[in-house]
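The primary structure of each chain is shown beneath.
2 protein chains.
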Amino acid sequence: MSATVTDICRRARAASTVIRELTTEVKDQVLREMADAIDTAAEDLKEANARDVAAAREAGTSATLVDRLTLTDKRIAGMTGAIRTIIDLPDPVGQVVGGRTRPNGLRIEHVREPLGVVAVIYEARPNVTADVAALCLKSGNAAVLRGSSIAQHTNAAIADVLAEVLRARDDVPDDAVQLIRDTSREAAMELLHADGYVDLLVPRGGPSLINTVKDNATVPTVIDGDGNCHVYVDASADPARATDIVVNGKTSRPSVCNAVETLLVHRDLAGDWLPKALDTLQGLGVSIRGDERTREVWPAAKEAQDSDWETEYLDLILAVKVVDGLDEAVRHIDRYGTRNAEAIVAQDYDVARRFALAVDSGSVFVNTSTRYSDGGEFGYGVEIGVSTQKLHARGPMGLESLTCVKNVVWGSGQIRVI
Amino acid sequence: MSATVTDICRRARAASTVIRELTTEVKDQVLREMADAIDTAAEDLKEANARDVAAAREAGTSATLVDRLTLTDKRIAGMTGAIRTIIDLPDPVGQVVGGRTRPNGLRIEHVREPLGVVAVIYEARPNVTADVAALCLKSGNAAVLRGSSIAQHTNAAIADVLAEVLRARDDVPDDAVQLIRDTSREAAMELLHADGYVDLLVPRGGPSLINTVKDNATVPTVIDGDGNCHVYVDASADPARATDIVVNGKTSRPSVCNAVETLLVHRDLAGDWLPKALDTLQGLGVSIRGDERTREVWPAAKEAQDSDWETEYLDLILAVKVVDGLDEAVRHIDRYGTRNAEAIVAQDYDVARRFALAVDSGSVFVNTSTRYSDGGEFGYGVEIGVSTQKLHARGPMGLESLTCVKNVVWGSGQIRVI
Numbered sequence: 001m002s003a004t005v006t007d008i009c010r011r012a013r014a015a016s017t018v019i020r021e022l023t024t025e026v027k028d029q030v031l032r033e034m035a036d037a038i039d040t041a042a043e044d045l046k047e048a049n050a051r052d053v054a055a056a057r058e059a060g061t062s063a064t065l066v067d068r069l070t071l072t073d074k075r076i077a078g079m080t081g082a083i084r085t086i087i088d089l090p091d092p093v094g095q096v097v098g099g100r101t102r103p104n105g106l107r108i109e110h111v112r113e114p115l116g117v118v119a120v121i122y123e124a125r126p127n128v129t130a131d132v133a134a135l136c137l138k139s140g141n142a143a144v145l146r147g148s149s150i151a152q153h154t155n156a157a158i159a160d161v162l163a164e165v166l167r168a169r170d171d172v173p174d175d176a177v178q179l180i181r182d183t184s185r186e187a188a189m190e191l192l193h194a195d196g197y198v199d200l201l202v203p204r205g206g207p208s209l210i211n212t213v214k215d216n217a218t219v220p221t222v223i224d225g226d227g228n229c230h231v232y233v234d235a236s237a238d239p240a241r242a243t244d245i246v247v248n249g250k251t252s253r254p255s256v257c258n259a260v261e262t263l264l265v266h267r268d269l270a271g272d273w274l275p276k277a278l279d280t281l282q283g284l285g286v287s288i289r290g291d292e293r294t295r296e297v298w299p300a301a302k303e304a305q306d307s308d309w310e311t312e313y314l315d316l317i318l319a320v321k322v323v324d325g326l327d328e329a330v331r332h333i334d335r336y337g338t339r340n341a342e343a344i345v346a347q348d349y350d351v352a353r354r355f356a357l358a359v360d361s362g363s364v365f366v367n368t369s370t371r372y373s374d375g376g377e378f379g380y381g382v383e384i385g386v387s388t389q390k391l392h393a394r395g396p397m398g399l400e401s402l403t404c405v406k407n408v409v410w411g412s413g414q415i416r417v418i
Numbered sequence: 001m002s003a004t005v006t007d008i009c010r011r012a013r014a015a016s017t018v019i020r021e022l023t024t025e026v027k028d029q030v031l032r033e034m035a036d037a038i039d040t041a042a043e044d045l046k047e048a049n050a051r052d053v054a055a056a057r058e059a060g061t062s063a064t065l066v067d068r069l070t071l072t073d074k075r076i077a078g079m080t081g082a083i084r085t086i087i088d089l090p091d092p093v094g095q096v097v098g099g100r101t102r103p104n105g106l107r108i109e110h111v112r113e114p115l116g117v118v119a120v121i122y123e124a125r126p127n128v129t130a131d132v133a134a135l136c137l138k139s140g141n142a143a144v145l146r147g148s149s150i151a152q153h154t155n156a157a158i159a160d161v162l163a164e165v166l167r168a169r170d171d172v173p174d175d176a177v178q179l180i181r182d183t184s185r186e187a188a189m190e191l192l193h194a195d196g197y198v199d200l201l202v203p204r205g206g207p208s209l210i211n212t213v214k215d216n217a218t219v220p221t222v223i224d225g226d227g228n229c230h231v232y233v234d235a236s237a238d239p240a241r242a243t244d245i246v247v248n249g250k251t252s253r254p255s256v257c258n259a260v261e262t263l264l265v266h267r268d269l270a271g272d273w274l275p276k277a278l279d280t281l282q283g284l285g286v287s288i289r290g291d292e293r294t295r296e297v298w299p300a301a302k303e304a305q306d307s308d309w310e311t312e313y314l315d316l317i318l319a320v321k322v323v324d325g326l327d328e329a330v331r332h333i334d335r336y337g338t339r340n341a342e343a344i345v346a347q348d349y350d351v352a353r354r355f356a357l358a359v360d361s362g363s364v365f366v367n368t369s370t371r372y373s374d375g376g377e378f379g380y381g382v383e384i385g386v387s388t389q390k391l392h393a394r395g396p397m398g399l400e401s402l403t404c405v406k407n408v409v410w411g412s413g414q415i416r417v418i
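Protein chains in written order, with full-length UniProt numbering: chain A, 1 to 418; chain B, 1 to 418.
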């Protein structure tokens with residue numbers, strides 16, 4: 001078994017040298033064929049999925065996870081829809097993102113190029129297999145996919161459909177998209193150490209997967225980490241807007257990484273806006289953990305502990321702190337934030353502008369909801385994930401995050417004297 | 001001792017929240033004062049340096065290293081000249097590098113921002129202390145510097161001069177530039193593990209330093225790795241140009257990472273151009289390691305071993321291989337190259353264009369020398385290093401490589417329905 005993963009990665013590397021030179025026309029045509037083939041194979045995919053679902057039920061898997069795993073006609077349509085969205089996106093490969101002509105006549109171009117081999121480790125959702133394959137192909141990369149054992153028959157069935165499309169074409173390598181069918185921990189570890197073959201590994205999943213990758217990977221990674229997101233409501237905020245943005249951030253989908261976890265409120269709003277906003281949130285089922293000044297104006301709040309400022313609840317719970325102003329809000333976010341997404345509600349021009357500049361996070365939202373921290377909402381089509389690191393990519397990651405920028409220097413015989 | 005490095009990094013992180021918001025005007029003024037202060041302190045710096053040089057001589061350090069360590073008036077002028085060059089460079093912070101307005105009216109901007117805390121570990125050259133301090137400050141980052149013990153008095157003296165400038169100003173934190181004065185291995189290890197404080201660590205030095213960082217660092221790094229650089233001379237090459245570019249790449253400064261190590265020659269040139277070029281190279285003191293086809297036309301070549309294709313000689317030695325054409329050249333580079341810098345000499349338009357596209361390297365040079373793989377030659381002023389990785393930055397790294405791109409989203413009350 002152990003040789004297989006490295007072998008897959010080696011074949012991916014060989015394929016990548018061909019894929020990087022494919023034209024957008026060819027790549028889009030292959031993607032069209034893949035979407036069509038998935039549509040055609042819908043019944044087979046549901047059959048394979050039924051085996052995974054039955055096994056998961058038998059193993060006592062939670063209803064949430066079983067739901068996430070289940071392939072319906074609607075989800076298959078979502079999968080092919082995502083591929084067709086990716087077809088419509090501009091090809092990042094070959095984009096000239098900068099450059100100059102030097103005094104000696106050398107013309108330097110900074111050009112987007114594929115990374116080479118992109119590996120993705122992911123959990124239950126079977127749509128990731130098709131999404132990632134399509135994103136990698138569009139960006140000129142070979143894809144190595146490693147789903148979880150719970151979805152193994154589904155993932156294999158989808159990978160088989162994609163492989164069939166690739167085999168039918170002479171111009172695209174069969175190894176452009178490969179699934180690691182060995183779902184053991186050893187196989188995953190081998191992938192994390194496939195140095196020299198894998199140019200980027202992206203983990204898509206919960207904290208346990210992320211931490212395993214963080215602690216073990218020796219291949220380059222981009223981490224989609226925690227989302228301890230903040231909203232700061234300034235004294236100058238439009239009150240209705242502030243309520244909308246906090247309610248949307250906390251309640252529209254509490255389990256996702258761009259949901260709000262901490263509300264910071266200017267002290268001038270503590271007497272009036274804050275209690276009304278907390279009443280509204282409570283009415284929507286949100287539990288409040290407040291600091292002392294919050295509890296003075298809204299005694300129903302549970303007392304916030306230090307740990308609350310660090311917690312990504314992913315639930316209908318909100319930590320609330322009254323601050324003296326912008327500076328304290330910025331310092332709080334700098335200390336406790338996870339650099340994912342933060343918002344300000346403010347009508348004061350200088351305050352809004354300074355928050356946008358001073359807060360060090362993947363995305364900063366001014367007078368709008370952190371829930372927009374999302375590849376689709378950013379216009380990237382399907383997202384690879386949301387980076388919480390600073391190098392290479394920040395915030396929602398689209399096709400560009402699967403590329404690097406190479407220097408091409410066009411000369412006319414120049415040589416360097418020293 | 002052990003607490004000191006973490007404490008320095010913690011202070012750097014605190015300082016970074018102020019430095020990120022400094023205007024270009026203020027940063028440039030501080031840099032001007034630093035350059036002036038170094039000029040004024042020249043005699044003190046040379047005195048401190050004399051202690052390091054004496055200790056190095058006593059310890060039997062090689063003449064090359066002692067030379068590298070020695071501070072002369074010319075080198076001090078070079079140091080202040082570099083700072084003044086950095087003053088003249090555009091400030092990368094705040095550059096809007098992309099963006100769009102979404103159908104719902106959200107305006108998304110991709111904005112360059114400082115990374116936060118940049119640490120650099122470096123070896124003998126004392127100019128690095130001033131260079132890196134200036135690059136970090138200009139790009140809005142706090143700098144943590146860790147030079148080697150051989151230059152400890154010199155580095156401390158330079159750091160003292162810079163600290164004096166910072167202390168005299170109220171608007172820039174004293175901790176903007178800090179030198180780790182503990183030159184023990186333990187202190188270096190502590191820096192490599194300063195997670196949460198250091199946003200980027202760049203090692204500047206030889207393979208042993210690079211490998212220590214690669215193997216141990218848990219903080220984010222950009223690696224300036226080996227330079228096994230290639231020149232491919234195509235059948236269509238202008239012969240004189242080809243000779244110039246190969247000779248320049250091999251002989252102008254053999255010990256640097258952008259020097260050429262392997263020459264790949266189209267078989268059509270094996271009978272005529274190649275032997276003449278090798279005669280020229282031999283006349284300049286270059287030893288040739290040739291493959292079989294090379295030795296057929298130039299029997300004086302030593303037989304190349306497989307290991308020769310992987311070796312960065314950093315010396316007057318050149319590996320030479322005759323290839324059937326572009327494809328074989330590209331495959332050879334893909335297999336043995338270190339993705340630093342590669343060149344082609346070709347008059348054929350399609351061949352030149354395809355090499356530029358197909359070769360996966362930090363920089364690809366068409367009809368010019370790999371010796372131009374250099375921050376100064378790229379117009380970046382002083383370079384941080386030359387990246388041989390793909391993520392974040394490729395090839396020569398300038399000020400931009402010390403920044404990241406944040407998303408700022410300007411709204412007018414938008415909330416997300418799902």
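Think of the hints as simulated: they come from the structure by calculation, not from any bench. Take the hints with a grain of salt, since some may be wrong.
[To be verified] Taking beta-carbon pairs under 10 Å as the criterion, some of the chain A residues facing chain B (in silico):
1) Asp-226
2) Asn-248
3) Pro-275
4) Thr-311
5) Glu-312
6) Leu-316
7) Asn-407
[Stated by the list, open to error] As a list, the in silico SDA-like pairs of lysine to any residue whose alpha-carbon atoms are at most 20 Å apart:
8) A:Lys-46 with A:Arg-57
9) A:Lys-214 with B:Met-189
10) B:Lys-74 with A:Ile-418
11) A:Lys-214 with B:His-193
12) A:Lys-214 with B:Ile-223
13) A:Lys-214 with B:Lys-74
14) A:Lys-276 with A:Asp-306
15) A:Lys-46 with A:His-153
16) B:Lys-302 with B:Asp-327
17) B:Lys-214 with B:Glu-312
18) A:Lys-214 with B:Lys-214
19) B:Lys-214 with A:Leu-391
20) B:Lys-214 with B:Glu-186
21) A:Lys-214 with B:Pro-220
22) B:Lys-302 with B:Gly-325
23) B:Lys-214 with A:Arg-57
24) A:Lys-214 with B:Leu-391
25) A:Lys-276 with A:Ser-236
[Stated by the list, open to error] Computed Cβ-Cβ distance ranges for the label pairs, DEER-style:
26) A:Ala-54 with B:Ser-307: 43 to 51 Å
27) B:Ser-255 with A:His-193: 58 to 66 Å
28) A:Ala-50 with B:Arg-185: 41 to 49 Å
29) A:Asp-306 with B:Arg-185: 48 to 56 Å
30) B:Ala-235 with A:His-193: 40 to 48 Å
31) A:Asp-348 with B:Asp-350: 57 to 65 Å
32) A:Glu-328 with B:Arg-75: 44 to 52 Å
Ideal Cβ positions, reconstructed from N, Cα and C, are used throughout, including at glycine.
Results of checking the hints against the structure:
no., hint, verdict
1, Asp-226, "violated (13 Å)"
2, Asn-248, "holds (4 Å)"
3, Pro-275, "violated (21 Å)"
4, Thr-311, "violated (17 Å)"
5, Glu-312, "violated (17 Å)"
6, Leu-316, "violated (17 Å)"
7, Asn-407, "holds (4 Å)"
8, A:Lys-46 with A:Arg-57, "holds (16 Å)"
9, A:Lys-214 with B:Met-189, "holds (19 Å)"
10, B:Lys-74 with A:Ile-418, "holds (17 Å)"
11, A:Lys-214 with B:His-193, "holds (14 Å)"
12, A:Lys-214 with B:Ile-223, "holds (18 Å)"
13, A:Lys-214 with B:Lys-74, "violated (46 Å)"
14, A:Lys-276 with A:Asp-306, "violated (25 Å)"
15, A:Lys-46 with A:His-153, "holds (10 Å)"
16, B:Lys-302 with B:Asp-327, "violated (26 Å)"
17, B:Lys-214 with B:Glu-312, "holds (19 Å)"
18, A:Lys-214 with B:Lys-214, "holds (15 Å)"
19, B:Lys-214 with A:Leu-391, "holds (16 Å)"
20, B:Lys-214 with B:Glu-186, "holds (16 Å)"
21, A:Lys-214 with B:Pro-220, "holds (12 Å)"
22, B:Lys-302 with B:Gly-325, "violated (23 Å)"
23, B:Lys-214 with A:Arg-57, "violated (44 Å)"
24, A:Lys-214 with B:Leu-391, "holds (16 Å)"
25, A:Lys-276 with A:Ser-236, "holds (17 Å)"
26, A:Ala-54 with B:Ser-307: 43 to 51 Å, "violated (55 Å)"
27, B:Ser-255 with A:His-193: 58 to 66 Å, "violated (33 Å)"
28, A:Ala-50 with B:Arg-185: 41 to 49 Å, "violated (59 Å)"
29, A:Asp-306 with B:Arg-185: 48 to 56 Å, "violated (36 Å)"
30, B:Ala-235 with A:His-193: 40 to 48 Å, "holds (42 Å)"
31, A:Asp-348 with B:Asp-350: 57 to 65 Å, "holds (59 Å)"
32, A:Glu-328 with B:Arg-75: 44 to 52 Å, "holds (47 Å)"
In this structure, the hints that do not hold are numbers 1, 3, 4, 5, 6, 13, 14, 16, 22, 23, 26, 27, 28, 29, in rising order.
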